[in-house]
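Peer 1: Sequence:
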Amino acid sequence: MAASNLNTESICRFLRTGGTRCPCHLLVIARYSRYELIWGHSSCHNKWRTQLAPSSLAIIGLCLISVQLPALADEARLTDQIRETISKTIDREGIPGLSLAVAKDNRIIYSRAFGLADVENDVSVTTETRFRTASIAKSMTATLILKLSEDGLLDLDEGVQKYVPQYPDKKWKVTSRQVLGHLGGIRHYKSKSEASSTEYFNSLKAALRTFADDPLLHEPGTKFRYSSFGYNLLGSVAEGAGKKDFMTLLNKHVLTPAGMTQTESDDHFRIIKRRARGYIRLAQPVHQILSDSIKVQGRLLNAALHDTSMKIPGGGLVSTPEDLVRFAIAVNTHKLLKDETVGMMWTAQQTDDGKSTGYGLGWGVGNSGSRKTVSHSGGQSGTSTMLHMLPDSGTCVVIMCNLQGVKLRAAAAEIAKLVSPE
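For the sequence shown, our numbering assigns the number 1 to the initial residue and increments by one for each residue that follows.
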């Protein structure tokens with residue numbers, strides 16, 4: 001005798017309504033031969049019914065109910081709390097479409113989608129809708145670099161020119177380790193137009209010309225300066241060390257072993273199934289060139305065109321929340337990197353004078369009360385994203401939406417606390 005297909009969603013709906021609203025179909029609690037213990041709604045008679053097997057089966061079935069209902073009540077409350085947190089964020093920011101996934105004990109326990117992936121064509125977001133990852137791509141690139149280092153193909157403390165001879169020598173030596181921690185002195189974007197470039201590059205080497213000839217901003221190791229271009233350079237380092245193109249290496253060493261089937265480069269020209277459209281809400285400093293007829297504060301507009309081929313390793317991927325949670329779980333359970341490598345990656349770097357940067361190797365590092373957190377946010381034209389993890393409890397929250405300029409860190413941290421209270 002075995003329990004059979006307990007429908008959690010239906011019982012949760014029943015519990016949330018105090019038993020006044022029936023689930024939409026029968027719930028089979030236990031089955032033995034031709035006998036069943038059924039708790040559910042009969043569409044023919046519009047009443048609750050219980051079809052009992054012999055007394056022993058009935059007792060077992062009732063025991064199953066008594067064990068399951070308290071847990072299901074807790075699950076129902078948690079589901080409502082998560083939904084309330086997300087609904088507040090959506091309403092406050094006016095987000096067109098959003099998706100999130102949540103893990104506890106290193107397994108996905110919740111995944112939901114809200115709103116529209118494409119407002120103009122009235123296409124709903126699903127849990128398989130792909131959003132731009134923006135800078136969460138950096139965490140994946142860092143994982144790839146460290147895997148190549150583990151395999152003996154890359155020395156983190158060698159000058160980057162060993163692997164990318166096209167990158168000119170600078171006043172000071174700059175290493176992959178320094179660039180991973182944003183300590184390399186490589187510049188970030190010069191302007192909003194550069195950050196949202198529309199130029200197409202057919203390779204990472206071609207994209208190097210955007211910044212390769214610029215001098216370093218400071219001696220590596222002396223200051224923390226966030227740089228997406230630094231991660232573009234790391235993508236070329238990976239290609240030089242691994243002798244294959246960046247996406248092939250990322251698929252082999254990160255995406256495939258993590259079970260990430262919905263993550264790929266955000267190629268502007270390719271047809272990518274279920275890719276979300278991006279939006280922006282009009283603010284005073286933005287889009288001054290627009291006609292007066294659409295210059296209405298807070299109005300939803302299509303996001304500016306942006307070709308991310310200039311920065312695939314630093315922010316040029318598309319993915320889903322479920323895939324990004326799988327990535328975080330794979331790192332946390334050492335499927336991608338050794339335990340000691342993960343520890344190094346999730347340790348805040350220091351400047352040469354001993355000041356903590358709050359950033360490890362491709363991940364933000366912090367604390368929530370007494371617990372360690374690792375995270376990365378992302379934002380670019382048409383997207384805002386957040387990955388927040390409590391490694392010790394295997395809790396991870398990923399939120400992705402198709403509106404730029406949204407701060408998602410607080411919502412992700414709040415949900416993580418709901419899922420895994422201190």
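Just so you know, these hints were derived from the structure itself, not from any lab.
Be aware that a few hints might be false.
As the list claims (entries may be wrong) - Below are the BS3-like pairs computed for lysine-lysine, each with C-alpha atoms no more than 30 Å apart in a straight line: (1) K190 to K205; (2) K170 to K205; (3) K88 to K335; (4) K407 to K355; (5) K335 to K417; (6) K338 to K244; (7) K417 to K170; (8) K223 to K88; (9) K355 to K223; (10) K190 to K355; (11) K273 to K192; (12) K223 to K407; (13) K273 to K223; (14) K173 to K355; (15) K104 to K88; (16) K88 to K338; (17) K273 to K104; (18) K335 to K273; (19) K205 to K223; (20) K338 to K162; (21) K355 to K162; (22) K338 to K273; (23) K355 to K252; (24) K205 to K104; (25) K252 to K223; (26) K104 to K338; (27) K355 to K417; (28) K338 to K417; (29) K162 to K273; (30) K244 to K162.
Said to hold, decoys possible - Simulated restraints, written as ranges between beta carbons of each label pair: (31) K355 to E128: 19 to 25 Å; (32) L153 to H218: 40 to 46 Å; (33) D155 to S87: 26 to 32 Å; (34) K192 to H218: 22 to 28 Å; (35) K162 to A348: 22 to 28 Å; (36) L301 to Q161: 41 to 47 Å; (37) S191 to E158: 31 to 37 Å; (38) S87 to K162: 35 to 41 Å; (39) E128 to D91: 21 to 27 Å; (40) A410 to S193: 28 to 34 Å.
Glycine included, every Cβ here is placed at the ideal spot set by N, Cα and C.
Peer 1: Now look at each hint and say whether the structure bears it out.
Peer 2: Okay, the hints, checked on the actual structure:
| no. | hint | in the structure |
| --- | --- | --- |
| 1 | K190 to K205 | holds (20 Å) |
| 2 | K170 to K205 | holds (18 Å) |
| 3 | K88 to K335 | violated (36 Å) |
| 4 | K407 to K355 | holds (26 Å) |
| 5 | K335 to K417 | holds (25 Å) |
| 6 | K338 to K244 | holds (23 Å) |
| 7 | K417 to K170 | violated (45 Å) |
| 8 | K223 to K88 | violated (38 Å) |
| 9 | K355 to K223 | holds (9 Å) |
| 10 | K190 to K355 | holds (26 Å) |
| 11 | K273 to K192 | holds (29 Å) |
| 12 | K223 to K407 | holds (26 Å) |
| 13 | K273 to K223 | violated (41 Å) |
| 14 | K173 to K355 | holds (21 Å) |
| 15 | K104 to K88 | holds (23 Å) |
| 16 | K88 to K338 | violated (39 Å) |
| 17 | K273 to K104 | holds (29 Å) |
| 18 | K335 to K273 | holds (28 Å) |
| 19 | K205 to K223 | holds (26 Å) |
| 20 | K338 to K162 | holds (25 Å) |
| 21 | K355 to K162 | holds (29 Å) |
| 22 | K338 to K273 | violated (34 Å) |
| 23 | K355 to K252 | violated (36 Å) |
| 24 | K205 to K104 | violated (40 Å) |
| 25 | K252 to K223 | violated (34 Å) |
| 26 | K104 to K338 | holds (21 Å) |
| 27 | K355 to K417 | holds (29 Å) |
| 28 | K338 to K417 | holds (27 Å) |
| 29 | K162 to K273 | violated (38 Å) |
| 30 | K244 to K162 | holds (16 Å) |
| 31 | K355 to E128: 19 to 25 Å | violated (43 Å) |
| 32 | L153 to H218: 40 to 46 Å | violated (29 Å) |
| 33 | D155 to S87: 26 to 32 Å | violated (49 Å) |
| 34 | K192 to H218: 22 to 28 Å | holds (23 Å) |
| 35 | K162 to A348: 22 to 28 Å | holds (27 Å) |
| 36 | L301 to Q161: 41 to 47 Å | holds (43 Å) |
| 37 | S191 to E158: 31 to 37 Å | holds (32 Å) |
| 38 | S87 to K162: 35 to 41 Å | violated (51 Å) |
| 39 | E128 to D91: 21 to 27 Å | holds (24 Å) |
| 40 | A410 to S193: 28 to 34 Å | holds (30 Å) |
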